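**Student:** Line by line, the protein sequences give chains X and H.
Each residue of the first sequence is one higher than the last, beginning at 73 in the numbering used here.
Each residue of the second sequence is one higher than the last, beginning at 181 in the numbering used here.
Accuracy of the hints is not assured; some may be wrong.
Unchecked claim - Computed, partial: chain X to chain H, Cβ under 7 Å:
#, residue
1, A307
2, T370
3, K384
4, L425
5, G441
Stated by the list, open to error - Which bits of chain H does chain X cover? Going by a derived footprint, with three or more residues having C-beta under 8 Å, they are:
#, segment
6, 197-211
7, 217-224
Simulated from the structure, these hints should not be mistaken for laboratory data.
Source: prediction; values computed, not measured.
Glycine included, C-beta positions come from ideal geometry on N, C-alpha and C.
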Amino acid sequence: MYQPIHELTDAYRRADLTPTAVAEAYLARIDALDGRLGAYLTVVRDEALAAARESELRWRAGAPLGPLDGAPVALKDVLCTRGVRTTCGSKMLESFVPPYDATVVERLRAAGAVILGKTNMDEFAMGSSTEHSAFHPTRNPWDLARVPGGSSGGSAAAVAGGLAAGGFGSDTGGSIRQPAAFCGVVGMKPTYGRVSRYGLVALASSLDQVGPFARDVRDAALLLGAVAGHDRRDATCIQAPVPDYGAELSKGVAGLTLGLPDEYFIDGMDPDVERAMESRTRAAGFGAEVKRRIMLGTYALSAGYYDAYYGKAQSVRTLVRREFAAAFARVDLIVAPTTPNVAFKHGEKEDPLSMYLNDVFTIPGNLAGIPGISVPCGFSVTGLPIGLQVLGRPLDEPRLLRAAYAYEQATPWRSRRPELT
Amino acid sequence: MIERTDVEHVARLTRLALTEAELERMREQLNSILAHLDTLRAVDTEGVEPTSHAVDVVNVMREDEVEPCFPQDAMLANAPDRSGELFRVPRILED
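Chain X on its own, in the form it takes in the complex (with noise of 0.2 Å):
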């Protein structure tokens, strides 16, 4: 359960494997295990049995329609799904059921993958831990006890469990690398503008951006392939042609300049991570989280306050900008901790501030708008995963994976599996 799809896809060349049976063999061990993970809010077992049989048909044939035809992933459920009901881990969404595909869902079909369901996710995104959900929290797999980071969380614990070969989350100040990071999976938000947003129900629209979740840069290099590119319904979304990213990965890294932020090493970090390096009323229907955040933007927003709040911060995302593109006149890559501690227990963070506050290295990303992926870097001496950043020029993914590669190549983190039994 823990190949690559990129494996699975060699076998099913080879007729070593076939996507039916690995299919059943994931929804057999979704059924076994996600009662205690709470990864899923919803699995499509009949969908997805008969999407892997018509990859099965075309695999037969010797016509696969690429290199995920019968990849078995899983989908955070912010991610409209015709006729799948799409919560937003919500209970204000509870029977929500779009008429209609998300672009990212509409092309992961016509690339042949097997969507298993809709994983859980803090509500509406607001959060960095799944707590938030009004379903039920998602465990994280290396530690029951522990959070496997959000929002995307259940996407992040899907695949580090081995319930999905990949997964797919959004990102709006970290809500991919930070799960990933805390999950021990590769977890990449790509540049804003690059994968459309058309279907994504929005959490904040100038930085949201949706991107993988993967067992290893190889397969998060064909995931985002498969995704990317100009989409007319998305009018933020870029025309520049996509990158045979999977092509990319072996060019190495001999001449990148790396460049290590003095900003990302912090006082209070964890050390292991510096070692390593309707009829329903709103006030039911909306949990804690969303409240707070409902209050805070309508206080922020108010009259008065705007130019104080509203007004400031946007010209200080300026600055930040401006300190990034300074950054990449020096170096091509930034390399950093994803997070400044590791997968934390559930509860612990019950002060709002200190929830924001865990974002703090990603967050800097979606303001410039660059991309960032997170790759495993090692484990805390408790066992827990570690995840290490690398953020790049905007539209520069090539390089970014292709460093992500060649520092996952180099170490043995990825052979690292949880004991989930």
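Given chain X's structure and the hints, the job is docking chain H onto it.
**Tutor:** Chain H alone, transformed into the frame defined by chain X:
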């Protein structure tokens, strides 16, 4: 500092119907979060243009063509309440 009256005012605007205990906890938490946001004030932003969008995209245009759209029934299927062809929602403005 946010006063209790500010919290009550914002709570009314948002129609969240917070309980007494929630209002008090909200006052404490909002004050702690806003105190942290005050670090922004120390940053010199004199003459700095605001950024609302990290990617420079200007006036994305397309041909104004008639295209098929979703059937009305499909779009109304998720309405908690409907009135003929319309979504029916709670009144938010006074008469």
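**Student:** Look at each hint and say if it fits the structure.
**Tutor:** The hints, checked one at a time:
1. Hint on A307/X holds. Least Cβ distance to chain H is approximately 4 Å, under the 7 Å limit.
2. The restraint placing T370/X at the interface with chain H holds, with a minimum CB-CB distance near 5 Å, inside the 7 Å limit.
3. For K384/X, the interface hint holds, the least distance from its beta-carbon to any beta-carbon of chain H being 5 Å, beneath 7 Å.
4. Hint status for L425/X relative to chain H: holds, with the closest Cβ pair at about 5 Å, below 7 Å.
5. Against a cut-off of 7 Å between C-beta atoms, the interface hint on G441/X holds, since the closest Cβ of chain H lies about 3 Å away.
6. Proximity of the segment 197-211 of chain H to chain X, defined as three or more residues with a beta carbon under 8 Å from a beta carbon of that chain, is established by the 6 residues found.
7. Here's how the segment 217-224 of chain H fares: 4 of its residues keep a CB closer than 8 Å to some CB of chain X, so the rule of at least three is met and the hint holds.
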